Amino acid sequence: MVTYIIRRLIAAVLMLVVVSIVTFSIFFVIPRLAGVTATDFANRYVGSKGATAETVAHLAEKLGFNDPLTVQYGRWVKGIVAGSEFDTGVSIEHCPAPCLGYSFITKTPVWPELLDRLPVTVSLALGASVIWLVAGVATGVLSALRRGSFFDRAAMGVALAGVSLPIFFTGMISLVYFSYKFGITVPGGTFVSFTESPVQWAYSLILPWITLAFLYAASYARLTRAGMLETMGEDYIRTARAKGLPESRVITKHGLRAALTPIVTIFGMDVGLLLGGAILTETTFSLPGVGRYAVQAISANDLPKIMGVVMLTACFVVVANLIVDLLYAVVDPRVRLG
Amino acid sequence: MSRASEPLLSVQGLEKHFPVTKGLLKRQVGAVRAVDGIGFDVVKGETLGLVGESGCGKTTTGRLITRLIEPTGGKIVFDGRDITHMSQGRLRPLRRDMQMIFQDPYSSLNPRHTVGAIVGAPYRIQGIKTEHGVKRAVQEILELVGLNPEHYNRYPHEFSGGQRQRIGIARTLALKPKLIIADEPVSALDVSIQAQVVNLLEDLQSELDLTYVVIAHDLSVVRHISDRVAVMYLGKIVEMADRTDLYGSPMHPYTNALLSAVPIPDVRRRSERERIRLQGDVPSPLNPPPACRFHTRCWKAQEICRKVEPPLTALAPGHQVACHFPENLSGDAPPAPAAGQEKEPGTISPVS
Amino acid sequence: MTFLELKDLRIHFPTDDGLVKSVDGLSFTLERGKTLGIVGESGSGKSVTSLGVLGLHKGGRAKISGEIWLDGEELVGASAEHVRKLRGKKMAMIFQDPLSAMHPYYTVGNQIIEAYRIHHDVSKKVARKHAIDMLARVGIPQPDRRVDSYPHEFSGGMRQRAMIAMALCCDPELLIADEPTTALDVTVQAQILDLMRDLQRDFNAALIIITHDLGVVAELSDDILVMYGGKCIEYGSAEDIFERPEHPYTWGLLGSMPRLDREPTERLLPIKGSPPSLINVPSGCAFHPRCPYAERTAGRSETEVPELLETAGGHRVRCHLPGERRRAIWEKEVMPNLEGTS
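Chains as they are written, first to last, in numbering that gives the first Met the number 0: chain E, 0 to 337; chain X, 0 to 351; chain F, 0 to 341.
Derived from the structure by calculation, the hints contain no laboratory data. In this text, all values refer to a predicted model and were calculated from it rather than measured experimentally. There's no promise every hint is true.
DSSO-like cross-link-like pairs, simulated, lysine-lysine; straight-line CA separation at most 30 Å [to be verified]: (1) F:Lys271 / X:Lys175; (2) F:Lys123 / E:Lys252; (3) F:Lys128 / F:Lys84; (4) E:Lys252 / F:Lys84; (5) X:Lys128 / X:Lys177.
Whole structure, please, built from the sequences with the hints as guidance.
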């Protein structure tokens, strides 16, 4: 078990290294291979219009775009670990650790901005994930146990709709009805932090939660249903019944536990990914989260910000993966052997 | 059957060790000695049976002979050629002569292909032209294995278990092989169907002059179908002899235990039958017991069995045993077969 | 005294392709301390019968009729909750593949403890003690340590022993074993058969053993019931079935089996064709398309379902051939070929 944990930890660290290399490659290596020169980089990053060619070349030199890629990668990683400074020729910009990037356009380091926006994204992701997990699994289990019933067909029909309908559609519809027409919930763009008022916090997020959860609950219901149908046909379920267990215990203790194992995996991945920003939901409800930050960065062509979001999301996914792997070993004793 | 000629298949010192890794760095800490130095010859026209319990290496042996997996050591000579480490490319033409029948007729047939495509596939893979076209050739084979040639265009799911195993056999026969390795060919089938397939294999052998290596755990089926039988235990052959000798006067304690463990459908003798009851299960091939591998379960084991590995030697003509204290050595009267009655093989025609 | 009695039990499953008559009019009786062997090929209805007795045949859709009397109680009409309370306590079951029949996520001990505590209001500690005792009873070494192992940490034979311990933990009076040794190696099978024989003597339970292996049946059974196409086609004492079988299907089973206790015959004597699909059971006698003697019934076998009739002292046969003809065929045509000598 201990070797298993250590091996998973090492794997996670290695994964982070790989992720950083891939991210770096996307933003620096591939453009260079495609013929983007150091001065182009300087232009793009600092974006000073009307600067002379010499100024830009000088800037490129100062910012190190002329250095070999390995050196640039080293400097970038060092920035994440220890922070770095950028000499733009005009001023020296400080970017304290962890320096995930420095936006020359807004003249701000990326990390503090991400930190500002994380509470929104985390609130959104965690709240929604609890809702979809409970609703999706419950629906899936009921559907499986009443296969072919009206409930099953209706639930699966709704689930199919849920999987197919995009957030900006369901989100808009619910905003129109619940916020503007009936006034039950707050309009988009409102976010009250949890520390300020938990009730207001939940109230401000309830609509985005449900909208986002609907999408995921649909696929979780389908997954749970399939998993339960398979598990309930297993021999050990028959054994549990033969022992004289009440059906409710057969379902929860023997059936659901086994059926949930694959769900745990997907759940971890989904939450990890969402923590990097629910772009559509945040945009639809105008929530100032990481996803919306990414969208704004993309429209402003602010590469350091985009790169920061990508790195953050990747880290979340790796960490979520690690947690899932460890959970898996707790749930399924057979995994511990590996 | 002809015994004088060169062996069609000759296996010497064959080994297959699967590495076992452990710890963070996946260091190799040992090996599962699935097959650990076995040797036998199979002459043309005969049937060699390989029996043993799970984990004894019989299935691995079958896969080694057909080179589905790469041997760790030893030598396989087929039809005069050393194929031990032959490349897959050079092996391909030889595959025509050496075919394999698998246990599970359900999973070894592609459900999306018609019977015609399945049985005809070997022709296409090997690029062989047939006189009257592939379809005709396939239909002839289908008829040979007792299937309706008109079922050429049907899919595997339209057939019963026994018929599917016939399809599997038809596929192996397409290229007129010399050697067929059958791995548990009947164990997935119903009792009445098992007998049909066993008879079919025997008929085909005499009609097409086939040579078989039959791998099975069912001692009765192996006795029925084999000329010679090798008993395997934890990657080794512990006893090999003509079936009459092996079943009539088994010398290795393990063979004796195996035979006495088989339930006999005879209610009169159930109380009086003497049994050897082995303790426990087969040890793991990862850490097989030293020297004689059977000593942990053997009631005759002495100090020497734990120290010195008994070699496989011929203690009677054509009867090889690897044991320090063999039973039924010449001099002892060979005991009657389990039932306690000796009978001459019958010559009656079967009821039909 | 009769402990278990089935009267005209029918278990039918409506499917899209038609009605599957898995069990179609089955009757037998069983006493405490006795063993009944049910023999048949796949689809003969032998496993569905056992599940039906335990009330485990697939819930809502199956149609069950007839009577199952267990120790004076009728089970077919009883409430599901009542039957559930009998399951595991009064009647228990052992399944074929102990690896898939035990939950992979719970320790062996936990699964036995669970089985015990459903029916006994005791603390976990007491139940655990009982589980260790049961493991010791079925011959598992170091039971106080093995009780905390997971099923995948056991060998096949040990798993089946643990399964038996679980089935016996509430001291059931009826034990049904469905192919208990099919997944095991032959030397382990012998151990398990010995164990079951010993335990049955100690517990004095009624035992039903369901298998396709005539050897296993011969080892354990007092009575034997041969099933074909959902019906009993021959029923009698073990001696009746093995020494004086009267149904052509039983003959066919005996002829299909190579036997270690006799000189090998030149050829096996298989039954032609395949077992019938239960959706399309042949008309008349279900066995007639495969029966070598069907033409000797003057066409009756194709149109009339034969009755299960007593031929001698409890030995019952479902066949159109008159009893004397059957006995003559057995003695003159069938038995000599099975013996391997004339």
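Here's how the hints hold up against the structure:
Between F:Lys271 and X:Lys175, the direct Cα distance comes to roughly 27 Å. Compliance with the 30 Å bound is thereby established for this hinted pair. At roughly 17 Å between alpha-carbon atoms, F:Lys123 and E:Lys252 fall within 30 Å of each other, so this suggested pair holds. Taking the CA atoms of F:Lys128 and F:Lys84, the gap is near 23 Å; set against the 30 Å cutoff, the hint holds. Note on E:Lys252 and F:Lys84: the hinted pairing holds, with a Cα-Cα distance of about 18 Å set against a maximum of 30 Å.
Taking the CA atoms of X:Lys128 and X:Lys177, the gap is about 19 Å. The hint holds against a cut of 30 Å.
This entry satisfies every hint, going by the numbered hints stated previously.
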